[in-house]
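Asker: Every position in the sequence shown, counted from 1, becomes a number in the numbering used here once 211 is added.
Note that these hints are calculated values from the structure, not bench results.
Values in this document were obtained by computation on a predicted structure and should not be read as measured data.
Check the hints yourself; a few may be wrong.
To be verified - Pairs of lysine-lysine residues, derived as DSSO-like cross-links and limited to a Cα-Cα distance of at most 30 Å, are as follows:
hint: 1; residue 1: K213; residue 2: K263
hint: 2; residue 1: K213; residue 2: K273
hint: 3; residue 1: K241; residue 2: K261
hint: 4; residue 1: K273; residue 2: K215
hint: 5; residue 1: K213; residue 2: K261
hint: 6; residue 1: K263; residue 2: K238
hint: 7; residue 1: K215; residue 2: K263
hint: 8; residue 1: K241; residue 2: K213
hint: 9; residue 1: K264; residue 2: K213
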Amino acid sequence: MKYKIGNRVHIEGHWNFPNDCTGTISKPPKLAAHHAADHASWRGARRVVKGKKGSIVFYWVKFDTPQIDNDGDGPYAEAEVEAEYIALIDLE
212 MKYKIGNRVH IEGHWNFPND CTGTISKPPK LAAHHAADHA SWRGARRVVK GKKGSIVFYW
272 VKFDTPQIDN DGDGPYAEAE VEAEYIALID LE
């Protein structure tokens, strides 16, 4: 699924952010986009990275509640999250 800026999403706990949480798809800050390995790959809130087993799609998410990562670092107010761990929140 392709998400749009402003979409409300649920993030399933996973290897990077272990706790389920919610947030909003957002455009990454210029500094974050610039320091990505391939900053030209950002298209709005989405970027695609080549992985060992194929492409990995990421979206930038502003968390409703700042999150601690799996290493105990943070709290992070926003971050890139793999699309496979994101689900649209049905607001109806």
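Asker: It remains to establish, for every hint, whether it holds in the given structure.
Answerer: Now for the hints, and whether the structure bears them out:
| no. | hint | result |
| --- | --- | --- |
| 1 | K213 / K263 | 22 Å, holds |
| 2 | K213 / K273 | 17 Å, holds |
| 3 | K241 / K261 | 22 Å, holds |
| 4 | K273 / K215 | 13 Å, holds |
| 5 | K213 / K261 | 18 Å, holds |
| 6 | K263 / K238 | 26 Å, holds |
| 7 | K215 / K263 | 27 Å, holds |
| 8 | K241 / K213 | 21 Å, holds |
| 9 | K264 / K213 | 20 Å, holds |
Going down the numbered hints, you'll see the structure goes against none, and every one checks out.
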